[in-house]
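Colleague: Single-letter residue listing:
2 protein chains.
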Amino acid sequence: MTTDKEFRPGSNGHSISFQVQPESTVQAADKFCDKVKKYGHSVCSVETLKNRLPILKWLPKYSLTDVQSDVIAGLTVGLTVIPQGLAYAKVAGLPPQYGLYSAFMGCFVYCFLGTSKDITLGPTAIMSLMTGTFAVSPVEGDATYAIILTLMSGCVQLLMGMLNLGIIVNFISYPVINAFTSAAAITIAFSQLKHIFGLKNISREFLHMVYDIFAHIGETRIWDMTLGLTCLFLLFFFKKLRTLQWKDENPDDVKLYKRIARKFLWLFGTGANAVIVISAAGVAAGLIGLNIKDKLSITGELKAGLPPFRVPDFTLQNGNITQSAGDIFTKIGAGLGIVPLLGLIETIAIAKVFARQNNYRINPTQELIAIGAANIISCFCSSYPITGSFSRTAVNSQSGVRTPLSGVVTGGLVLLALYVLTPLFYYIPNAALAAVIISAVLQMIDYKIILILWKANKLDLGLLLITFISSLVIGIEYGILVGVGLSILMVLYPLARPRIKYTTTQEDILVVQPDQGMRFPSAEYISETIIERATTGKNNKSVIFDFQHISTIDYSAVMSIKKLMADLHRFQLQVVLTNVNSTISVDLEKADIPGLMTFSNIDKASHQLNYTEPTDIAVIHL
Amino acid sequence: MTTDKEFRPGSNGHSISFQVQPESTVQAADKFCDKVKKYGHSVCSVETLKNRLPILKWLPKYSLTDVQSDVIAGLTVGLTVIPQGLAYAKVAGLPPQYGLYSAFMGCFVYCFLGTSKDITLGPTAIMSLMTGTFAVSPVEGDATYAIILTLMSGCVQLLMGMLNLGIIVNFISYPVINAFTSAAAITIAFSQLKHIFGLKNISREFLHMVYDIFAHIGETRIWDMTLGLTCLFLLFFFKKLRTLQWKDENPDDVKLYKRIARKFLWLFGTGANAVIVISAAGVAAGLIGLNIKDKLSITGELKAGLPPFRVPDFTLQNGNITQSAGDIFTKIGAGLGIVPLLGLIETIAIAKVFARQNNYRINPTQELIAIGAANIISCFCSSYPITGSFSRTAVNSQSGVRTPLSGVVTGGLVLLALYVLTPLFYYIPNAALAAVIISAVLQMIDYKIILILWKANKLDLGLLLITFISSLVIGIEYGILVGVGLSILMVLYPLARPRIKYTTTQEDILVVQPDQGMRFPSAEYISETIIERATTGKNNKSVIFDFQHISTIDYSAVMSIKKLMADLHRFQLQVVLTNVNSTISVDLEKADIPGLMTFSNIDKASHQLNYTEPTDIAVIHL
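Residue numbers (the working numbering), protein chains in the order written: chain F, 1 to 622; chain V, 623 to 1244.
So that you can see chain F by itself, here it is in the shape it has in the complex:
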């Protein structure tokens, strides 16, 4: 091939000369060795150790004022996570204590590995729903499936972190996540309505569940409903206290007693869950003391004490049910991919929000490693999959947390509760826990986005609605797959059918400019469309193929260019390329296409095509 700089009219176009010389094999090998050395060096450095164990960065600077803040924040988060954990475990289809089993080890591990001071790991609404969807054990109340899912999610996340595959998350678009979250919140809220109304035998599948609730509404237990609705109302009221804005001209003028009162209201709002659950348990205990039994559905007996620290079971044996690890893996199926990805998305999204709010930087890869390690180690304590919790991270941040050490305080409080309080959990009414969940998940529903997208981007709105509806109709686990699949198709389509701009010069030459890369999905399409354009219409036209917007090519593109040249040559037409960048030039040169010519711009190409007969320039042998 020839570039225009060396082009001599009348030559046969075969002289090869090029600015960018491909590097020799020896040079390439040297470069590779250098890279390996550098990589080896960087892996062993102190900086890398600090990046992998962020605690080494902040612990040496730790001070006494930090302790005070971290302890207060840790205790506040602990008071939130205990009632939430007991409640979420029900969404996961497990006995309440598993919510607490999942609430401490993640905090401990994150303290060593996390890069955000605010994040607090533990059970969340979405992860609980996913566990209840993918890890359903055939034995009532058995957690074997959930624990295996925790281990596998951790391994997948850790692997993704080490291989730097966090990039996958970028392919799940915002409307999809938004629709999925709203659908999950609605599914969870409906699943808790049965506890509020005290209904039995309600299906787990969303549409059936809604039908069952309406069909059985006559069987509502009046005591459960009264308590449930009261709790719900009080929770909404108390939570408002936390977000109250006081109108003061000058913050310094506010009197001390006022400030104490406000701080108290805030604490009350933040600890609302705990207050409600304790009060409801008190009511239930009182009723039992008055011998009014069986009116309220209560938690009942649960296994007391700390969970055993042991290697999880990989097989399930119970009565006449025996399932191997393979059986369990097959049943969890797509959950082994979806659950770790969702965990990852939740943590990274939350970490980014608070990092921006509090002006520090997180390291997404390290976050991935931290959450992976947290899941792996947590599964030894019978935990179900955990991730970052938005509501508790907000509480942590507002409580003035300074370092991830607050997580140790939170985890310690949870352990204490497990050790001391389990006998008292007996009295907690199911309706109170349901109220805790409903008030938490309703905040996750974002209906404003519909109006925003209606104005801004209808395609994204369509994606959102399809994801949302399919999540509710065919199931939350398939809905997200539908959404991700569709959004990937939406980015793939233009790769296969790029927009191509055609212009005809005064000299009746066709100038073709595709708007993006020429790789295998589009290569054949581009060349075939060009052939069609060039050979239909009044006159056949020679072609200037402009590479301005094409930054890389692959072998399919090279083949297509060859084919394009051969096909047009049969019509006595020519093709020349313009604006070819240096990378592509090297690739084309290697492919050794006879008779191929490139020019630096369209004018030069056009001039060349005008004053040379096709047969003068090159004989194309393909």
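Since the hints were made in silico from the structure, they are not lab data.
Don't take each hint at face value.
[To be verified] Dumping the calculated DSSO-like pairs for lysine-lysine here, alpha-carbon to alpha-carbon at most 27 Å: (1) K679/V / K538/F; (2) K455/F / K1185/V; (3) K538/F / K455/F; (4) K1123/V / K1184/V.
[Unchecked claim] Across the chosen pairs, the derived CB separations fall in these ranges: (5) L1043/V / L165/F: 55 to 61 Å; (6) E507/F / K1077/V: 32 to 38 Å; (7) S45/F / K1080/V: 30 to 36 Å; (8) K590/F / N1232/V: 42 to 48 Å; (9) D603/F / T1126/V: 29 to 35 Å; (10) G337/F / K1080/V: 28 to 34 Å; (11) K1077/V / L465/F: 47 to 53 Å; (12) E301/F / E827/V: 48 to 54 Å; (13) T1126/V / L207/F: 36 to 42 Å.
Values in this document were obtained by computation on a predicted structure and should not be read as measured data.
Where is the CB? At the ideal position from N, CA and C, for every residue including glycine.
Add chain V to chain F, keeping to what the hints say.
Modeller: Here is chain V on its own, set in the frame of chain F:
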């Protein structure tokens, strides 16, 4: 937002004015109705009918000379497909007659629906291997699975044709198809070696198969091997006859007897399979006549006559085995997607090659409909999945075929063979059929591509080798998935991590130019990288974000631009956009980002940023 044309220095940047007005809802509805009308009109036109039933185009012009050519071509292809069908059925794990059951109906259907005169549908090596891989019935010699796979493949292909989804094929790159084809050929060739050597109890899985063949080589049956190797040698020799090139100065000078002799040699080469199989059957029959039995493995008894025309069974019942349609679907699994796609790729690829060679045009969508319908109707005659055969299409083309009517002749000959010849098939030696298969598939292996890709594109070479090796090691059905997955990742990666060009102007303003679109996979990455660049280094810099190479945006991109502006505003820095095209302008205007400014080029933007203090221009409320 403001464009630079309306920009008045000192204004607050909020005045909205725009060239491209978004269309009103009424206008949009009118447009939609027009489209629907046009579509309705086009669906009912004669042109559409002719496009859907291409026989209506060529049959009215059919002449007597066409008949002669089509009959000769049809008979030649028939002579090829009968031995190939008997042989391929073994690769599919079915009794030999199923190869013939699959060889006629496709030709009949294609005659009505096909757009290529050369293509001939029927059993092929790849489809047979896929049937033998995905549709393995638990009952020896039972075809229920294969027939269901045919029906489902047909439905998937027809649906893809009607929904215009043939575009999916573009995402399977050439190196992947090439590696898959070579690996399939090697797998098939090895699977036939056992028949050449007369070995028993050889595993179906490639690595085990190779091991077993070497381990059992001592049990070779000498008569089978002698016959098999002889057939193989003769086949290679005869097939060379077909491709002989005669060196003559002037074709018109060649004497008649020479021309007849040459035509005879060509015919002999083309009919080599039939000649070899008939001769080998003669030898086997002679040996049995001489009472030399059990020396040669022969085909033995097979069901005589035509297959019944009936609705296929959806359940399998045999002895104590009962399987429902659901069981069978689950077992076929990914085959329900892979088999129709491969069938489609094979047919379209072949059709394109011959359309180019013989200078006509095919309609890919109609080809998809034709092959889908052929599979659906074929399954009523107990066919396994069929597609276009490269070798027989070549024979058809070289025999001078004029229209798809030749397929009717081919199909007729196959029916005749089934009706009359089945008793004679008894004597066909297995080794002879194995030789037919091996000589056919070895042509599919393309080793030259390795050297070409080594020179042209190492990334594609890596993809080819990984696909090839994984096809052989973990199985042909997973190998192609690995290849397709990797090649899609290769096109997706640049979407998430576009290359970004940074330049700093003399006035210390950062100019940022991403090399491709800003959509959800890359939006956040781009805005975060810009923030990092703008706020690190000696001085913080304001940013000119150049949209030259960005042709569309989505909601994620809008959000990222908002975030970028808010984050840089905290550092007292500004962001302005340049070279924004009209589509994006409309999207940005709808999103209503306060304080956003666009300029037609970098110079104007740079001038503006230089002479205005940040706070003068816009207060950003996000």
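Colleague: Now look at each hint and say whether the structure bears it out.
Modeller: The hints, checked one at a time:
Between the alpha carbons of K679/V and K538/F the distance comes to roughly 25 Å, so the proposed pair stays at or under 27 Å and holds. Of the supplied pair hints, the one linking K455/F and K1185/V holds, its CA atoms being roughly 19 Å apart against a limit of 27 Å. Distance check on the hinted pair: K538/F and K455/F sit about 44 Å apart at the alpha-carbon level, beyond 27 Å; violated. About 21 Å separates the Cα atoms of K1123/V and K1184/V, which keeps this hinted pair within 27 Å; it holds.
The supplied range of 55 to 61 Å is met by L1043/V and L165/F, whose beta-carbon atoms lie about 59 Å from each other. Restraint check, E507/F to K1077/V: a C-beta distance of roughly 36 Å satisfies the suggested window 32 to 38 Å. The given range of 30 to 36 Å is respected by S45/F and K1080/V, whose C-beta atoms sit roughly 31 Å from each other. Separation of K590/F from N1232/V is about 45 Å and conforms to the stated range, judged on CB atoms against 42 to 48 Å.
Under the hint 29 to 35 Å, the C-beta atoms of D603/F and T1126/V, about 31 Å apart, fit the expected range. Between G337/F and K1080/V the beta carbons are some 30 Å apart, a value that agrees with the proposed interval 28 to 34 Å. Checked against the hint of 47 to 53 Å, the pair K1077/V and L465/F passes, with Cβ atoms roughly 50 Å apart. For the pair E301/F and E827/V, the supplied restraint of 48 to 54 Å holds, since their beta-carbon distance comes to about 53 Å.
In this structure, T1126/V and L207/F break the distance hint of 36 to 42 Å, their C-beta atoms being roughly 58 Å apart.
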